[in-house]
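Residue numbers (this note's numbering), protein chains in the order written: chain A, 1 to 460; chain B, 1 to 480.
Chain A side only, calculated, beta carbon under 7 Å to chain B, not exhaustive: (1) 25; (2) 26; (3) 45; (4) 46.
No farther apart than 25 Å at their CA atoms in a straight line, the calculated lysine to any residue pairs in the SDA-like style are these: (5) A/2 <-> B/146; (6) A/2 <-> B/184; (7) A/317 <-> A/253; (8) B/379 <-> B/255; (9) B/176 <-> A/48; (10) A/178 <-> A/158; (11) A/317 <-> A/338; (12) A/331 <-> B/64; (13) A/2 <-> B/253; (14) B/176 <-> A/90; (15) B/373 <-> A/37.
Simulated from the structure, these hints should not be mistaken for lab results.
Where is the CB? At the ideal position from N, CA and C, for every residue including glycine.
As a plain string of letters, each chain reads:
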Amino acid sequence: MKIVIAGTDRMGMEIARQLCREGHDLTLIEQQQERLEQALGSLDVIGCCGSCAVPETLAEAEVGQADLFLAATGSDEANLISCQLARRLGARHAVVLLRNPDYIQNSELLKDTMNLSFSIHPDFMVAEEISRVLQFPAAIRVESFPDCELEIVTFRVEEKSKLVGLPLYKIGSRFGQKILVCCVEQNGSFQIPRGDFVLCEGDRISVTGSPGALRRFFIASDVYKKPVKNVILLGGSRSAVHLTRLLESTGVSVTIIEQDLQRCGYLAEQLRTADIRCADGTDTAVLQETGVRHSDGFVALTGFDEYNIILGMYANKLGAGKVIAKVSNSKYTELLRDVFPDRTLSPQSLVAERIAGYVRGLNHASEKSTIEALYYLGDPRVSATEFVVGEKSRCVGRSLAELPLCSGVLLAAVIRMGKSFLPDGQTVLLPGDRVIVVTAGRTVLSLDDILSGERFERAL
Amino acid sequence: MNRRIVGNILGKVLLAEAALLMLPMTAAALFRESVLPFLYPALLLLLIGGMLNRIRPLRTDFYAREGFVSVGLSWVLMSVFGALPFVLAGDIPQGIDALFETVSGFTTTGASILDNPETLSRGCMFWRLFTHWIGGMGVLVFIAAVLPVSGDRYLHIMRAEVPGPTVSKLVPRVRKTARILYLLYLGLTLAECVMLLLGGMSFYEALLHSFATAGTGGFSTRAESIAAFHSGYLETVIAVFMMLFGCNFNLFYLILLGHAADALRSEELRVYLGIIAVSTLLITANIAADCGGILSGLRLAFFQVTTIISTTGFTSCDFGRWPEFSRWILVLLMFVGGCAGSTGGGIKVSRLILLAKSATAGLKRMIHPTQVKRIWLEKRPVTNETVQDVHIFFFVYLFACGLGVLILSLDGRDLSTNLSASIACISNVGPGLAAVGPTGNYGFFSTLSKLTLCFEMLLGRLEIFPMLFLFSPAVWKTNR
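Next comes chain A alone, as it looks inside the complex:
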């Protein structure tokens, strides 16, 4: 697909890298020539230099022939103007990144009046993701599939866990719950495990099931931790405001530490019930005084990755329950995987994943099966993709045991008539079913891609 991206700062580059990896043809627009050349040197894309809010630049980037225009510069206004222009010039879809909460409040209205496909709010996405993790502190990530009672929860197998040394086929009988382990990360490599796979300490595993079943499984296996009751946020950024609102709506009490007095005033105005402290959060005495020791959750959301990482580690040492740090530089994420106690979270990766998922959906709105949603389970190599089974799909009408599935592919769940269930060998897929496919190290663009070609021929 032909995609034009405006803006090559960290956000734009992360999106470009992800889309480039998925095989799309990209054109980048950037105002600063040096920056553009740096981008062109590291990715297989073309670029054009100029402001994205100028029609000539957009025309030079051939926006008119583009399937998707993506405005990801640092300025909301430039993003909105360029999207408007791009649509006028003939771009088939336009996606805008918005940061100013005043604009986001009216994003639906903006979307309609400006003819946009959808708008992405990185700060809000960060807040929503953090809030989801804090609701379920045992998990590293929680992906919930809307309106079908299904979740994929990723968590770490701890040292003294009951799960250590347990082969997967015994998990069902041992804990009596219908859940499925769909992906395991062991020593940095991802795999779709077989039934005889034995769990070790330090593995990160992803489990699917209904929220109820998962909860009972976590309680039975002692993985469960109680939801947080009080959280300390470091840095009063836009994500912090949104996160506070989300947390307070579920009854969590929030303390925000912010250095800037004026900003504190604004926060106090916006968030009446939150406890706002005007202090330098990098001062460890301040952290102790605020009560990090007794907090259930500590979230570092300042603008500096380094502060977030170090203070997150410090809070963990003091005894904070669940520690989350915002780390924008995705290169750091890999380094921190084994060092950082709980979860680091990169707004760039979140946005890039969301957009890649959207693009996959656009790209393969084919008859055989359509992609509904796409989630990455902690790494772009492992994804959970939701498909709608089309009438012409080759998967229809035979039990799963008969289907010649590729390696590295798992049918994690089937959703029929709004109800999800875990499939077994006797399950037969029907047209209109939604299925969730977990893949490791392989890209699945349509449902039929999960069938291995030759074996299918032979089976016929």
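Dock chain B against the given chain A, drawing on the hints supplied.
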């Protein structure tokens, strides 16, 4: 440096050469000559290339340094193995001569050591002219077009192999760009072949001359080059195609997409055509009296100007006997060369435009010291780094050319022979003046001189840096 990955790429290059050797082998078989001179080198390449290709890179890092080294080494290895058929067939028994002929072929120079090329076997002749076609667009670009390669990595290779101060891709993906380039190249070559057939050339000669024109090489099947055909039509067709192959291929793509007006507005193209027009007129005026009329003067001048500026090196008359004024114009044209992104050699028109503009801006700044000025090319501002790179390129180019003359002068020939030989080789033109002129050849030079000229040809084709960096210790260090 990531040596394993460079080794892997070299393996692919050698395998590609083995595949390309199949064509002259087929030609040899069709003409009932021995196929062994091509079969043995192909098997050898298959063996070595296959072994190198099996090297699995431990790391995937690949930067400008790896790009330069793989391109430089590829071309050296390709030339060495490419010389084997000539030696094995017994057509050019001396190793150094065969190497010179092959380097001259791959670098699209067209400088020959042969007294009379007509004595070559047909298979060797095919290979000799086919090397022009391979070298014209570049073998690594060819690999990018046919093999699935990682685009991020190949960008550095394209930069090192495709001529011009900056590389502009036609479409986002390197692979598609390479494919488009090769398809354009193939299309134009076939078009020329058809035109030559219509002029009464045999298919064999039409095909080979099309190869030589497309790569802007200049080898011919005949000793007298194009003059041997005594045909105004053939001369005009070849002259026009030489001019076309000296143009930036991006422009052909623009025209194919229906943006002909944009293509014709290109600054570089206009200057290129302007230089051709002015030089042709000046030479016509200068030689008209000696060669019987303005029309025949025009015909000779146009052919010689296009052959030199596109750095092809075909000849339709002995320009060595022209007046000093005309000869010097041709020598100057040797420096100019084709456009960036063409198959031609030389300094390239766009670099000269940048040099002239930067000189003007520099002079103005001396008068108004506070003036700040950006240099523009093709309606775009050019970064200072690019301008600086052009200055460096210009200096090293002239320096290497001068150093070459110094080494050649050890042989005791006259200045005009040495100077024109050095220029003709580094600019990939082929024929020079005096002893290396249209009627002469390079056979008389000593081994040292031949090696020097080989190196100059490679310097010129790869635009200096990839060859130069092969001698830089900093490039070879494992740690960066």
